[in-house]
Amino acid sequence: MSEETKNTDVQEVETPVVTETPQQANPEQFLKDFNWHNYEEGIDPIEDSKLEEFEQLVAENFVDTLNDEVVDGTVINITDRDAIIDINAKSEGVISLNEFRYNPDLKVGDKVEVLIDVREDATGQLILSHRKARVIKAWDRVNGAHDTGEIVNGFVKCRTKGGMIVDVFGIEAFLPGSQIDVKPIRDYDAYVGKTMEFKVVKINHEFKNVVVSHKALIEADIEEQKKEIIGQLEKGQVLEGTVKNVTSYGVFVDLGGVDGLVHITDLSWSRINHPNEIVELDQKLNVVILDFDEAKTRIQLGLKQLKPHPWEALDKELKVGDKVKGKVVVIADYGAFIEVEEGVEGLIHVSEMSWSTHLRSAQDFVKVGDQVEAVILTLDREERKMSLGIKQLTPDPWTDITSKYPVGSKHSGIVRNFTNFGVFVELEEGIDGLIYISDLSWTKKIKHPSDFTNVGDTLDVIVLELDVEGRKLSLGHKQTEDNPWDKYETEFAVGTKHTATIGDIVDKGATIEFNEDIVAFIPSRHLEKEDGSKLNKGEEAEFQIIEFNKEFKRVVASHTALFKEEEAKIVKQAAKKAASNSSSEKTTLGDIDALADLKAKMEKGEN
-4 MSEETKNTDV
6 QEVETPVVTE
16 TPQQANPEQF
26 LKDFNWHNYE
36 EGIDPIEDSK
46 LEEFEQLVAE
56 NFVDTLNDEV
66 VDGTVINITD
76 RDAIIDINAK
86 SEGVISLNEF
96 RYNPDLKVGD
106 KVEVLIDVRE
116 DATGQLILSH
126 RKARVIKAWD
136 RVNGAHDTGE
146 IVNGFVKCRT
156 KGGMIVDVFG
166 IEAFLPGSQI
176 DVKPIRDYDA
186 YVGKTMEFKV
196 VKINHEFKNV
206 VVSHKALIEA
216 DIEEQKKEII
226 GQLEKGQVLE
236 GTVKNVTSYG
246 VFVDLGGVDG
256 LVHITDLSWS
266 RINHPNEIVE
276 LDQKLNVVIL
286 DFDEAKTRIQ
296 LGLKQLKPHP
306 WEALDKELKV
316 GDKVKGKVVV
326 IADYGAFIEV
336 EEGVEGLIHV
346 SEMSWSTHLR
356 SAQDFVKVGD
366 QVEAVILTLD
376 REERKMSLGI
386 KQLTPDPWTD
396 ITSKYPVGSK
406 HSGIVRNFTN
416 FGVFVELEEG
426 IDGLIYISDL
436 SWTKKIKHPS
446 DFTNVGDTLD
456 VIVLELDVEG
466 RKLSLGHKQT
476 EDNPWDKYET
486 EFAVGTKHTA
496 TIGDIVDKGA
506 TIEFNEDIVA
516 FIPSRHLEKE
526 DGSKLNKGEE
536 AEFQIIEFNK
546 EFKRVVASHT
556 ALFKEEEAKI
566 VKQAAKKAAS
576 NSSSEKTTLG
586 DIDALADLKA
596 KMEKGEN
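According to my numbering, the sequence shown is numbered sequentially starting from -4.
Derived from the structure by calculation, the hints contain no laboratory data. Yeah, the Cβ is synthetic: ideal placement off N, Cα and C, and Gly gets one too. Errors might be hidden in some of the hints.
As the list claims (entries may be wrong) - For each label pair, taking beta carbons as the anchor points, the in silico distance ranges come out as:
| id | residue 1 | residue 2 | range |
| --- | --- | --- | --- |
| 1 | Glu272 | Arg96 | 53 to 61 Å |
| 2 | Gln387 | Asn478 | 42 to 50 Å |
| 3 | Glu537 | Val501 | 17 to 25 Å |
| 4 | Ser519 | Thr397 | 54 to 62 Å |
As the list claims (entries may be wrong) - Cross-link-like lysine-lysine pairs, in silico, BS3-like; alpha carbons within 30 Å at most:
| id | residue 1 | residue 2 |
| --- | --- | --- |
| 5 | Lys222 | Lys239 |
| 6 | Lys473 | Lys545 |
| 7 | Lys503 | Lys492 |
| 8 | Lys127 | Lys194 |
| 9 | Lys152 | Lys102 |
| 10 | Lys399 | Lys467 |
| 11 | Lys189 | Lys132 |
| 12 | Lys302 | Lys380 |
| 13 | Lys524 | Lys545 |
Build the full structure now, drawing on both the sequences and the hints.
Structural data, given as structure tokens:
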């Protein structure tokens, strides 16, 4: 073998140079830095340059999402139960079709708003919610509409107490009944199922309540329309309108965009209790412009003014003294108003309802709705006033009073009322007489007439005086009986003796009752008995009358005069003097000298 061949062979079998790996170079450091997680998960190591390239692609093509964030997504697939949504995240989200029930036409490619509930759960799934996104966006839009005054569309879902429930952006808002329209709504159900425009007027953030109004949208236009219409109005102008609302005080009429009020007093020339007696809702009628206020956009209308005033059509031949018939329309304490013709009324004062001088309430004679006949007492066509009378249809009872109630005649009457000085008794309708308190009883001391009789009682009376011109009648009741004091004047004459029992011990003496009418007075000195002692209450003794006055119904008696000569002598003198003056009805103690002396001596003895 040549030397060259040997050299060639040596070159071919030359051992290659082996590069030492980090594991071989430094086994301990390699084990320390080794990624055991990737090894166990079977993840192949990736070069740093490729990782950087991947991260750059992610940053350029995928959104950086946060939990509770609303983003736009695209429907990329729809299954029987779910919709697959792509939001340019690392993975797609799944949303149940239940959240899209409001939108049955959902299809692939549609853009939808979604809320990122969880960016990545334990399984790496992206959790989305369309319903929550709609609520959040809806509140943002509702708040924005409230702040800017934006007009929004809403769907009237159903009725509720006081109004309607409206779906606005998926939020249930309340529409009060008063905010549906400018005119009162009688059929709420007609609005259910309709989509209408609204204005958000109130939001309660604490309770998440929203109030909307449809009325607010048209009010501004109506106000402008009102001003334009009012600017063209003239007093006395007749317009056609529709009854919009009926209240107790009047009727609101729609004149084609602007409302006017017909007050109840301008509906009819006749008196009415309520406007619904004349008009009804939705009725079309002609009205006349009475007045209007451009600043306040108020219009006053009239209906009765379209007809001539009834007083102008009143029979020209009608005069005072004529009889008329009419219906009672109003009653007051002082009288009643009678409608003679439509819009023409006359007043019957209560004093013209009866010849009686006792004024009573008009309700005692007539009631509303009665048909009555009356006589015209006054008639003023210029002032449009008429007074009537009912009592004039019957004769005045005072015309023949002297023949019916002559002085001294006896009658029965009804007690009508009292005064402090007497009693008024009605003999018949229109004929009243007065019994003075002193003419009620011969024997009783009456402080007030109510102590003797009652209103409504029947009393027998005697006519004492009659004044035809003054229409006054004086009556007496006690005169219907004999005066018992005429009999007592003889029975209890001065000097007569009677037995009685001491009643009450009074100031300066005592009293005794001879009968139910006569109570005699015993001066203290004349209570002395024969033994010097005095009579006491309850003791029975004999007494002698020492004074009798029929006019003043005064009787004085003495026990002492029975056994003392001096007193007895005085009594005899008084009796003799009283007998000589018996013809005088006004005999008094001062008229009898002997009694005057007796009185002086009694007073002297008491002192």
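Does the alpha-carbon distance linking Lys302 and Lys380 stay inside the 30 Å limit? 20 Å, holds
Check the hint pairing Lys473 with Lys545 against an upper bound of 30 Å on the C-alpha distance. Holds. Lys473 to Lys545 sits at ~15 Å (cutoff 30 Å).
The hint says 53 to 61 Å between Glu272 and Arg96; measuring C-beta to C-beta, is that right? About 54 Å separates the Cβ atoms of Glu272 and Arg96, which means 53 to 61 Å holds.
A range of 54 to 62 Å was offered for this pair. Does it hold for the Cβ distance of Ser519 and Thr397? 56 Å, holds
Given the proposed pairing of Lys222 with Lys239, does the C-alpha separation stay at or below 30 Å? Given pair Lys222, Lys239 holds - Cα atoms ~19 Å apart, limit 30 Å.
Does the hinted range 17 to 25 Å hold for Glu537 and Val501 at CB? 20 Å, holds
Are the Cα positions of Lys189 and Lys132 separated by 30 Å at most? This hinted pair holds, its Cα atoms lying about 23 Å apart.
Pair hint Lys127 and Lys194, alpha-carbon separation not exceeding 30 Å: Holds: Lys127 and Lys194 sit about 24 Å apart, inside 30 Å.
30 Å limit on alpha-carbon distance, applied to hinted pair Lys152 and Lys102: Cα-Cα ~26 Å, so holds.
Taking the Cβ atom of Gln387 and the Cβ atom of Asn478, is their distance within the range 42 to 50 Å? 44 Å, holds
Does the structure keep Lys503 and Lys492 at a Cα separation of 30 Å or less? Holds. Lys503 to Lys492 sits at ~22 Å (cutoff 30 Å).
30 Å Cα cutoff - pair Lys524, Lys545: 28 Å, holds
Checked against the numbered hints above, the structure violates none of them.
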